[in-house]
Amino acid sequence: MKADPKTLSTIIDILREHVTTEVDIHSTTNLEADLSIDSLKSMEILAAVEDAFDISIPINVLSEVQTVEDLALQIDKLLKEQE
Amino acid sequence: MGLFDKFERIEQSLDTLKQYSESFFNVVLQEIISSTEAVINGKRTILAGTNNYLGMPHRRECIEAACQAIQEHGTGTTGSRMANGTYAIHVELEKELSRFLHKNHTIIFTTGYSANLAVLSTLVGPKDIVILDADCHASIYDGCRLGGVQVYRFRHNNVEDLEKRLKRLATKDTNILIAVEGLYSMLGDRAPLKEIVELKKEYNAYLLVDEAHSLGVLGRNGRGLAEEQDVEDDVDFVIGTFSKSLGSVGGYCSSNHHKLELLRYASRPYVFTASSSPANIAAARKALEIIEKEPQLRTRLWENANLLYSRLKDLSFTIGPAPSPIIPVRFKEIPKAFAAWNGLLENGVYVNMVLPPATPDGTALLRCSLSAAHSLEQVEKIAQAFETIRHLA
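Taken in order, these protein sequences are the chains called S and H. Under our numbering, the first residue of the first sequence carries the number 99, and numbering increases by one thereafter. Under our numbering, the first residue of the second sequence carries the number 5, and numbering increases by one thereafter.
Do not take every clue at face value.
Here are the simulated lysine-lysine pairs, DSSO-like style, with alpha carbons at most 30 Å apart [said to hold, decoys possible]:
no., chain 1, residue 1, chain 2, residue 2
1, H, Lys263, H, Lys205
2, S, Lys139, H, Lys168
3, S, Lys139, H, Lys171
4, H, Lys336, S, Lys139
5, H, Lys198, H, Lys168
6, H, Lys131, S, Lys175
Think of the hints as simulated: they come from the structure by calculation, not from any bench.
Isolated chain S (complex conformation):
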């Protein structure tokens, strides 16, 4: 299953704003291993993603998130639930 390209692109834009490592960010980028996102940074990124999509993301879903695509899929799921 693929994430909505619009969701993916919004998340990548947010990540670019928050991550200092010079890594090309794409759907398979691993948030922890490739971008070194620690718990503190993840809080800021999640809050920005929440504001961008006007949703609230339960931290429970984060255990299933490893890549940018994983995060985008979770956002798509939450947006669908909200409809």
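For this one, chain S is given, so just place chain H on it according to the hints.
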């Protein structure tokens, strides 16, 4: 992949940190001299990082009460509260806490950690929602995880951020519990409880306040932040610990909710743990009595806190936003923080070293906690020790 392979990153971090200080992970209090002094590395050292806010562990009355309880009731209960582990003294302490906190019901637990674990894992479940302050203690997170509730975080002490989440989640037609702390353990700052109570009412949510660091410290009678901000009746569940101001070990949940007692039968961390030892219960009861009788202890604590805060401020350290018995001193660079921590120890002062990701803002913290038992001379010595490491900040 071996069982321990997943700890490789921890192992690497430990190796890195050991370069800065071999003793950091091996601090042993070789001899306890008093509530404010111990022998560390063979040297008499002032303790300024123990959460021992009122000096109760060494109060003669508390020691005598604990010794007497051992003589009368033995060293341990050997059973859960649901089996053979409920003694009259456990029931008495629950009544005394209810009276002190102006709540109708209290359940005590074997530790403060298990109080949050027991209450949160049982009170809320997968169909409910918890919105918690991002800086909440690990026991609050762990209790939520154990119960499988949906957890949402809001930025530390940010009421607008909380409201944003409440607005979005209120449409879900489910129970919402807001969880915050009275005094936050790392930065020593207070929750904006009055504003949070307004939101709780507006969005028909429940409110849990963990007063672990504020019992005996805040409020005219020492009941905590809710008393200080005059919102006690609006707090649905008060959590607390015996291991700080009361100088013992244990925890509690107090509430006016008439069904609180049902938690005893549903909460696994309550049912399947041995009850608190008689010595711990007796020490906590005596300390609670002293807190009620001696408000001057709180005055003394705050005098010490204000003095150290102002001395560190004068030395231009980056410290917490307001005077508090918990004073965090920030260091941007970890190696310098280690050097400072070692320097303080060499100067006969022990404080807590807190490193990211345990720190809220990614910096390293030297965390001081004051006690009513510190003399003004000791507080001055702590400040002087900080002066010697000023160049590292």
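Status of each hint after checking the structure:
1. Of the pairs offered as hints, the one joining H/Lys263 and H/Lys205 holds, with about 20 Å between alpha carbons and a cut-off of 30 Å not exceeded.
2. Taking the CA atoms of S/Lys139 and H/Lys168, the gap is near 20 Å; set against the 30 Å cutoff, the hint holds.
3. Between S/Lys139 and H/Lys171 the CA atoms are separated by roughly 24 Å; this keeps the pair inside 30 Å, and the hint holds.
4. Taking the CA atoms of H/Lys336 and S/Lys139, the gap is near 16 Å; set against the 30 Å cutoff, the hint holds.
5. Among the hinted pairs, H/Lys198 with H/Lys168 is consistent with the structure: their alpha-carbon atoms are about 17 Å apart, no more than 30 Å.
6. A C-alpha spacing of about 17 Å is found between H/Lys131 and S/Lys175, which places the hinted pair at or below 30 Å, so the restraint holds.
Every hint, counting from the list given before, is met by this structure.
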